[in-house]
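Residue numbers (my numbering), protein chains in the order written: chain X, 1 to 321; chain S, 1 to 321.
Derived from the structure by calculation, the hints contain no laboratory data. Idealized CB from N, CA, C, for every residue including glycine. Where hints are given, some of them may not hold.
[To be verified] Think about it this way: if two alpha-carbon atoms lie no more than 27 angstroms apart in a straight line, the pair counts; the simulated DSSO-like pairs of lysine-lysine are: (1) Lys-101/S / Lys-45/S; (2) Lys-150/X / Lys-79/S; (3) Lys-45/S / Lys-24/S; (4) Lys-79/X / Lys-45/S; (5) Lys-30/X / Lys-45/X; (6) Lys-24/S / Lys-150/S; (7) Lys-24/X / Lys-47/X; (8) Lys-150/X / Lys-150/S; (9) Lys-45/X / Lys-24/X.
[Stated by the list, open to error] Short, incomplete list of chain S residues facing chain X, as computed with Cβ under 7 angstroms: (10) Glu-161; (11) Pro-259; (12) Thr-299; (13) Ile-303.
Number of protein chains: 2
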Amino acid sequence: MDFLIGIDIGGTNVVCGLTDASGKLLHKIKQPTEALRGSDYVFDKIKCMVDELLALGGIQREAVRAIGVGTPGFIDPDKGITLFAGNLRWTQVPTAEEIRKRTGIPTYIDNDVRMYVYGEAVCGAAQGYEHVLGITIGTGLAAAVINQGKLYYGGGYMAGELGHIIMPEIPYTCGCGMRGCLETAVSATGIARQAQELVQSGRPSILREWLEAAPDKSITAADVSKAYDQHDSLAIEVMNHTGMLLGKGLANAVTLYSPDVIVIGGGAALAGERLFAPMREQLQQSVYHGYWERLTIVTAAMIDDAGIVGSAMAAGNRAIQ
Amino acid sequence: MDFLIGIDIGGTNVVCGLTDASGKLLHKIKQPTEALRGSDYVFDKIKCMVDELLALGGIQREAVRAIGVGTPGFIDPDKGITLFAGNLRWTQVPTAEEIRKRTGIPTYIDNDVRMYVYGEAVCGAAQGYEHVLGITIGTGLAAAVINQGKLYYGGGYMAGELGHIIMPEIPYTCGCGMRGCLETAVSATGIARQAQELVQSGRPSILREWLEAAPDKSITAADVSKAYDQHDSLAIEVMNHTGMLLGKGLANAVTLYSPDVIVIGGGAALAGERLFAPMREQLQQSVYHGYWERLTIVTAAMIDDAGIVGSAMAAGNRAIQ
Numbered sequence: 001m002d003f004l005i006g007i008d009i010g011g012t013n014v015v016c017g018l019t020d021a022s023g024k025l026l027h028k029i030k031q032p033t034e035a036l037r038g039s040d041y042v043f044d045k046i047k048c049m050v051d052e053l054l055a056l057g058g059i060q061r062e063a064v065r066a067i068g069v070g071t072p073g074f075i076d077p078d079k080g081i082t083l084f085a086g087n088l089r090w091t092q093v094p095t096a097e098e099i100r101k102r103t104g105i106p107t108y109i110d111n112d113v114r115m116y117v118y119g120e121a122v123c124g125a126a127q128g129y130e131h132v133l134g135i136t137i138g139t140g141l142a143a144a145v146i147n148q149g150k151l152y153y154g155g156g157y158m159a160g161e162l163g164h165i166i167m168p169e170i171p172y173t174c175g176c177g178m179r180g181c182l183e184t185a186v187s188a189t190g191i192a193r194q195a196q197e198l199v200q201s202g203r204p205s206i207l208r209e210w211l212e213a214a215p216d217k218s219i220t221a222a223d224v225s226k227a228y229d230q231h232d233s234l235a236i237e238v239m240n241h242t243g244m245l246l247g248k249g250l251a252n253a254v255t256l257y258s259p260d261v262i263v264i265g266g267g268a269a270l271a272g273e274r275l276f277a278p279m280r281e282q283l284q285q286s287v288y289h290g291y292w293e294r295l296t297i298v299t300a301a302m303i304d305d306a307g308i309v310g311s312a313m314a315a316g317n318r319a320i321q
Numbered sequence: 001m002d003f004l005i006g007i008d009i010g011g012t013n014v015v016c017g018l019t020d021a022s023g024k025l026l027h028k029i030k031q032p033t034e035a036l037r038g039s040d041y042v043f044d045k046i047k048c049m050v051d052e053l054l055a056l057g058g059i060q061r062e063a064v065r066a067i068g069v070g071t072p073g074f075i076d077p078d079k080g081i082t083l084f085a086g087n088l089r090w091t092q093v094p095t096a097e098e099i100r101k102r103t104g105i106p107t108y109i110d111n112d113v114r115m116y117v118y119g120e121a122v123c124g125a126a127q128g129y130e131h132v133l134g135i136t137i138g139t140g141l142a143a144a145v146i147n148q149g150k151l152y153y154g155g156g157y158m159a160g161e162l163g164h165i166i167m168p169e170i171p172y173t174c175g176c177g178m179r180g181c182l183e184t185a186v187s188a189t190g191i192a193r194q195a196q197e198l199v200q201s202g203r204p205s206i207l208r209e210w211l212e213a214a215p216d217k218s219i220t221a222a223d224v225s226k227a228y229d230q231h232d233s234l235a236i237e238v239m240n241h242t243g244m245l246l247g248k249g250l251a252n253a254v255t256l257y258s259p260d261v262i263v264i265g266g267g268a269a270l271a272g273e274r275l276f277a278p279m280r281e282q283l284q285q286s287v288y289h290g291y292w293e294r295l296t297i298v299t300a301a302m303i304d305d306a307g308i309v310g311s312a313m314a315a316g317n318r319a320i321q
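Starting from the given sequences, assemble the full structure and let the hints guide the process.
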């Protein structure tokens, strides 16, 4: 039988999963990344995790067709190099070769968001659609596109940076050096920041009471959701504004990519309808009706597992070619 | 030897060209479309034009591998149907089959702008680039994308509608039913309309003098270029504003598609640096520097012939498959 391994190297955790050839997740293990100890330390840890997965599955190394790895940042999937991953502090790391050397299994890498969206397209909520636009709303806002079943990379593998579309309504400076990038407002960080600013401006809100009760804490996106559910007008305004901005950004992406389906994942997607209702309203207003009528919008189905399953399945395909 | 025929069915003219297998244009003929006489009339005319091309080339019908046809509007290239072409007044016309029946040559159709951009990518100014974003600025604003040598269609073959990205700065209602579409300002029509409005608002301009000298005429984009060259401040303002808007629109497209090259064609592209200088300035400000640094911007090299050469070459490829 034919097995695959998918690995997601995040800023906080490394997650490794063993799947069958259809992407069914059989075993999953998680370890802290400890990226600051250097890439060799992380790769040695991954070697041990792969051995553990083989033991858990009761299978030989030879039964694993390929390892797929998703890492954040800019990736060269053809050369197998992590070009730059800010939150791992990795530059020009030959990730695929280092893992292949340690495990003896053919290894392929790609960007973690692309792998997440690929997982949702192959085994998750976007299954069965030819043209998929997937976004993840977490610390930042990222996107990936699948066109007729194939990932769309663009020049320099840099396509899909929805989070760095500039919006005139957004006043914040972005880590990328520009001002007004969509992800500075549409993200967990962005939601928290907007709420924080409105509270500081003196607006009444239950969030102020929570802050005063725990002055060493700062407002999170989850707090804003909680306040929203208590009909807090400030929290409602922040969610409406964020959803509206996301709708405008997605309108650009829909008009240019013409996806059949948009799949939305990531931690901040937990805000759910608080964010999605104003998003849909704005999106419908901002795209030609022909796009809207044929568009499906779904939330990610696999949540935590989309990345490792996507990595495993993408690597499986690349190993065959 | 192997020949191809490319046909561009426009609102005004039908242009047919005979090329060799490499896309070299050998003969070209042009006739008025007379679309109002109905699609059968146009197809009969095209049959005669194809016969004329065969005679001009001194070749047998059997030497032509395929005919490629570009038509405006929404196309189903797989089924060979022109779904809707407003300026031909065609709905659900089986263009490919009708031309194949009359000529006896395998026929493939596609959207005219995609074929124009494909021509520039295969034989023109964007030759040698893997990821091409092509735009045509004419009566409207249209775009097409080539990704790793292949046309990007998206769901419903509707990708690339750059002209229907909404900009908050644009107050005009668009033919598509939305308000603020980029092409309502960034097009020959849009440039003329902006100039006309400013003149009517009472602003001094040489354009007013020209209008008063020929009151039955209205301002054209070419007039605005001419006034610009005479240092007319109103014309300079219109070109700067239009170029700025185009730069903002392209920034979205670059961030989402990550092209290696942008190729710009269409009649209004004759405005040249008057439009491209402010466009480049805005684009550089509105995209992550990593995109800007690897981006090339060129003007179309084949002008009138890109569409027929692109149609011929695309059909040649499809006939092989």
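Here's how the hints hold up against the structure:
1. Between Lys-101/S and Lys-45/S the CA atoms are separated by roughly 13 angstroms; this keeps the pair inside 27 angstroms, and the hint holds.
2. At roughly 22 angstroms between alpha-carbon atoms, Lys-150/X and Lys-79/S fall within 27 angstroms of each other, so this suggested pair holds.
3. Proximity of Lys-45/S to Lys-24/S is assessed by CA-CA distance (about 24 angstroms); at most 27 angstroms being required, the pair is judged to hold.
4. Only pairs whose Cα atoms come within 27 angstroms are accepted, and Lys-79/X paired with Lys-45/S is rejected, the gap being roughly 53 angstroms.
5. The hinted pair formed by Lys-30/X and Lys-45/X meets the criterion: a straight-line CA distance of about 11 angstroms does not exceed 27 angstroms.
6. For the suggested pair Lys-24/S and Lys-150/S, the alpha carbons sit about 20 angstroms apart, so the restraint of at most 27 angstroms is met.
7. Of the pairs offered as hints, the one joining Lys-24/X and Lys-47/X holds, with about 22 angstroms between alpha carbons and a cut-off of 27 angstroms not exceeded.
8. For the suggested pair Lys-150/X and Lys-150/S, the alpha carbons sit about 12 angstroms apart, so the restraint of at most 27 angstroms is met.
9. Distance restraint check for Lys-45/X and Lys-24/X: the Cα-Cα separation of roughly 24 angstroms lies within the 27 angstroms cut-off, and the hinted pair is therefore satisfied.
10. Restraint check, Glu-161/S versus chain X: the minimum CB separation of about 5 angstroms is within 7 angstroms; hint holds.
11. Contact between Pro-259/S and chain X, as hinted, is supported at the beta carbon level, the nearest pair being about 6 angstroms apart and thus within 7 angstroms.
12. Hint on Thr-299/S is violated. Least Cβ distance to chain X is approximately 19 angstroms, over the 7 angstroms limit.
13. At its closest, the beta carbon of Ile-303/S sits 25 angstroms from a beta carbon of chain X; the interface hint therefore is violated under the 7 angstroms criterion.
Violated hints, listed in ascending order, are 4, 12, 13; each of the other numbered hints is respected by the structure.
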